[in-house]
Structures are given as C-alpha cells and as structure tokens.
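Trainee: Use the sequences and the hints to build the structure in full.
There are 2 protein chains.
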Amino acid sequence: MKKSLGAKTLVFPTPVWVIGTYDRRGKPNAMTVAWGSICCSTPPCVGISLRKATYTYGCLMERKAFTVNVPSETYLKQADYFGTYSGREENKFDATGLTPVKGDHVDAPYIQEFPLILECKLIHDHEIGLHTHFVGEIMDVKADEAVLGENGNPDIEKVKPVLYSPENRVYHGVGRFIGKAYTIGRK
Amino acid sequence: MKKSLGAKTLVFPTPVWVIGTYDRRGKPNAMTVAWGSICCSTPPCVGISLRKATYTYGCLMERKAFTVNVPSETYLKQADYFGTYSGREENKFDATGLTPVKGDHVDAPYIQEFPLILECKLIHDHEIGLHTHFVGEIMDVKADEAVLGENGNPDIEKVKPVLYSPENRVYHGVGRFIGKAYTIGRK
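As you go down the protein sequences, you meet chains A and B in turn. The letter at position 41 of the first sequence is residue 68 when you use our numbering, and the numbering goes up by one with no holes. The letter at position 99 of the second sequence is residue 126 when you use our numbering, and the numbering goes up by one with no holes.
Hint data in this document are derived by calculation from the structure and do not stem from the laboratory. Some clues are possibly wrong.
For identical chains, the list gives no copy identity; a pair is met inside one copy or between any two copies.
[Said to hold, decoys possible] Under the rule of at most 30 Å between Cα atoms (straight-line distance), these lysine-lysine pairs were calculated in the DSSO-like manner: (1) K185 - K207; (2) K79 - K129; (3) K91 - K29; (4) K129 - K148; (5) K104 - K148; (6) K29 - K104; (7) K30 - K129; (8) K104 - K214; (9) K185 - K35; (10) K129 - K35; (11) K104 - K79; (12) K54 - K148; (13) K129 - K54; (14) K185 - K30; (15) K104 - K35; (16) K185 - K104; (17) K79 - K91; (18) K29 - K148; (19) K29 - K54; (20) K214 - K54; (21) K79 - K148; (22) K79 - K207; (23) K148 - K214; (24) K79 - K35; (25) K29 - K129; (26) K148 - K30; (27) K214 - K30; (28) K30 - K91; (29) K129 - K91.
Mentor: Okay, here's the thing in structure tokens:
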C-alpha cells in the first residue's frame, strides 16, 4: 500500500555539486546545490536551479558562466559549508583554504582540489517559482588523472561523489557496482 | 593536474528514474531517464529531459502529465529494459509484468511495485537541443510504508535507488551514511 506524503521535493538520488562563479568585482564564490542534472546531450548541457536571493544568482546573471564542481567525500565538510553560508558575508575560498582556478573556457572559477569539474556557459534561464532554472552548455569536463578508469573516463568509485537526501537532510556515499546499462534488461 | 576530457555529458551522480505516461489511446508506457532533477522548491517541481524521438515525448505533450517512478535495486533489470526499448514497438507493462496504476492527481500511470513515486503535472517545456526540458509540478509524493524512516519520510537506505554513470554506462547502488547536511560544515 502506498502512503501519500503530499506535494514536496522528495526524490532520490539528488547530487551534491558546488557551483563556482565570480562576482562583479572578480571575487570567486562557491555555492552548493542539490537541484541539478544533465538536461541535454547535444549540445551537452547541465541544468541547475537557484533562488534569486542567493549571491551566486547575481554572479551568474552578471558573468553568464559557472562551473560545476563535484566534491569527493573527502571534501564534504567544505561542500556543506559552501551550502550553509552566503558569499555576501563570507569569502568562502579564504575560509576553506580551497583554490579557485580561472576556467580555461568560461569566466568562472573551478575548485582545484575537487576531482571532477564542468565548465559551463549560460545559454538559458527560466524562472519557475522560488527557483530559477539555469541551463549551461558544458564547454569542457576536467578530471584528476587519479580518478580516471581503464576507459579514460572518470570512474564513480574513484570520484566518490556524494548523494543528498532532501527532507531528511543527510549525505550518503556511492555503493557497489550493480550492473551494466543497456545490458541487464535486454530480452 | 587536471586532464581535459572535452565537452560531454559526464557528471556524477545521475539518477535512474522511470517516467510513466499514457499514450493517446490510453496505453500506459514507461521510459527510463538519467537526465532529471528537482528544479524548484516552491512550487515543488521536477525536471526531466527527453528526446523528441521518444514515444514518451508524444505521450507527455498529449496528456500534460507524467509520473517519476524510482526503482529500487530489485527492479533494476526492468528499469534497464524500460530504457532500452521503445513504447512504439513494445507494451512494456505486459513485457515486465509490472502494474500500471492511474495517478490520483494526474492523467498518468505510476508503477505499483516501485517504492517511491512522484505525480507530476506538466507546467513548462523548453527545447534545448536534442533534448527538451520538461518541468512538472509535483502534485503528490507516494511511498511504500516499508521504505519510510523514523521521521515518516522515505529513507534512501530502504528505497535503495540506483545511480547511473554516463559514458561508462554502469549502475551503482547507494553507499553508507556519511554526514548530516547543514551541520558538518558549520563553523
């Protein structure tokens, strides 16, 4: 029997991604989001949703560029900090000691210490309600050599990204390999 | 040192969600997506991206409603099947033996056997490129009693959702609890 829980943002999994931007004076900022996903294959695009009240919202509108930085479990404490405080009051890079690096392709900083990075150019925004949905074209994916697998792509077991549970407000890691896609369901 | 991998849809984690729709004749269909996320808190909304070529695209445009069905690991084989074949050629519910149930709030079927369901009303669509981004307002969340935690919300460790790795095309389960959000990063 299914229990009805009402209209809420409760689904699994949601990511833990840190969005990198510059403000109008060039100060790098970082903010954590769980509302984000790939949203187009060609051109490759990622979508993230932000409230207007966030400092990153203004930075993104100004510079039309952002990075998606995937923290490993090792950097979860810093990612949680990035999602708890505002760049209006904090210099978050100074506070965490992490290193902002100017993107090669876009006017936004990425986080040197994080294993997987997407450089994104803003191509669309749409105000849904409390959140505005931003679509960024992925100009480049960058990864630490140490997290690459045998096929040359980042391996999720090496990147060790984090999952966020909305409503419950807890973090989980990635579990075991359970199958190959487009394979285990074939007739 | 970061290695540049080019412009591609490579990020972690991405979800494994099955989208439920009716076609114009009322046949229930199911299609698996990895391009999806919550995209607004108020009103609560979820976004999914679909190619125009999919059968679900037409169903969704016609009925303006869909469900998001979160498979547990137990149903990964069926979810992979739903993502491998088209509803144009297949009656996917007949083929899998899963049970389509008419939503209480929207004109779309959900999958009885899956532990976590979102009933969604289409409120916006935007063609990005190969994929169109659909925003659905979440009218209700439904969950099996068996996956509820102590606080009455679904527990990710009981739901056992699946993660998809783009490019590598593999599935992983959820790992261990690693921290409380808005807590471990506090100063």
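Trainee: The structure should be examined with respect to each hint, and the outcome stated for every one.
Mentor: Taking the hints in turn, this is what the structure says about them:
Taking the closest pair of Cα atoms, K185 and K207 come within 30 Å of each other both inside a single copy (18 Å) and across two copies (22 Å). When the C-alpha separation of K79 and K129 is checked against a cutoff of 30 Å, the pair qualifies only within one copy, where the shortest distance is 24 Å, while the shortest distance between copies is 36 Å. With identical chains, the CA atoms of K91 and K29 are at most 30 Å apart between copies only, with a shortest distance of 23 Å across copies and 43 Å within one. For the identical chains of this complex, K129 and K148 are intra-copy neighbours only, at 14 Å inside a copy versus 40 Å across copies, given an alpha-carbon limit of 30 Å.
Taking identical chains as interchangeable, the C-alpha atoms of K104 and K148 lie at most 30 Å apart only when both belong to the same chain, with a minimum of 28 Å there against 36 Å between chains. For the identical chains of this complex, K29 and K104 are inter-copy neighbours only, at 22 Å across copies versus 36 Å inside a copy, given an alpha-carbon limit of 30 Å. Within a single copy, K30 and K129 get their C-alpha atoms only as close as 48 Å, which misses the 30 Å cut-off; across copies the closest is 15 Å, which meets it. Taking the shortest Cα distances, K104 and K214 sit within 30 Å of each other only across copies (10 Å), while inside one copy they are farther apart (44 Å).
For the identical chains of this complex, K185 and K35 are inter-copy neighbours only, at 19 Å across copies versus 33 Å inside a copy, given an alpha-carbon limit of 30 Å. Proximity of K129 to K35 under the C-alpha cut-off of 30 Å is restricted to the inter-copy arrangement: shortest distance 20 Å between copies versus 37 Å within a copy. Taking the closest pair of Cα atoms, K104 and K79 come within 30 Å of each other only inside a single copy of the chain (25 Å); across copies the shortest separation is 41 Å, beyond that limit. For a Cα distance limit of 30 Å, the shortest separation of K54 from K148 inside one copy, 18 Å, qualifies, whereas the shortest one across copies, 40 Å, does not.
In this homomeric assembly, K129 and K54 come within 30 Å of each other (Cα to Cα) only inside a single copy, at 11 Å, whereas the closest approach across copies is 51 Å. For the homomeric pair K185 and K30, the shortest alpha-carbon distance between copies (15 Å) is at most 30 Å, but the shortest distance inside one copy (37 Å) is not. Both within a single protomer and between protomers do K104 and K35 lie at most 30 Å apart by alpha-carbon distance, with minima of 27 Å and 28 Å respectively. Taking the shortest alpha-carbon separations for K185 and K104, both the intra-copy value of 18 Å and the inter-copy value of 25 Å come in at or below 30 Å.
Within a single copy, K79 and K91 get their C-alpha atoms as close as 15 Å, and across copies as close as 28 Å, so both meet the 30 Å cut-off. When the C-alpha separation of K29 and K148 is checked against a cutoff of 30 Å, the pair qualifies only between copies, where the shortest distance is 19 Å, while the shortest distance within a copy is 42 Å. Taking the shortest alpha-carbon separations for K29 and K54, only the inter-copy value of 23 Å comes in at or below 30 Å, while the best intra-copy value is 49 Å. Only between protomers do K214 and K54 lie at most 30 Å apart by alpha-carbon distance; the minimum there is 21 Å, versus 54 Å within a single protomer.
Proximity of K79 and K148 under a CA criterion of 30 Å is satisfied in both settings, with 19 Å inside one chain copy and 24 Å between copies. Proximity of K79 and K207 under a CA criterion of 30 Å is satisfied inter-copy only: 25 Å between copies versus 40 Å inside one chain copy. Taking the shortest alpha-carbon separations for K148 and K214, neither the intra-copy value of 41 Å nor the inter-copy value of 32 Å comes in at or below 30 Å. Within a single copy, K79 and K35 get their C-alpha atoms as close as 20 Å, and across copies as close as 28 Å, so both meet the 30 Å cut-off.
In this assembly of identical chains, K29 and K129 lie within 30 Å of each other by CA distance solely across copies; the values are 13 Å between and 49 Å within a copy. Within a single copy, K148 and K30 get their C-alpha atoms only as close as 42 Å, which misses the 30 Å cut-off; across copies the closest is 19 Å, which meets it. In this homomeric assembly, K214 and K30 never come within 30 Å of each other (Cα to Cα): the closest approach is 33 Å inside a single copy and 38 Å across copies. Taking CA atoms no more than 30 Å apart as the test, K30 paired with K91 passes between copies only; the shortest distance there is 24 Å, against 43 Å inside one copy.
Within a single copy, K129 and K91 get their C-alpha atoms as close as 14 Å, which meets the 30 Å cut-off; across copies the closest is 42 Å, which misses it.
Comparing the model with each earlier hint shows violations of hints 23, 27; every other hint is respected.
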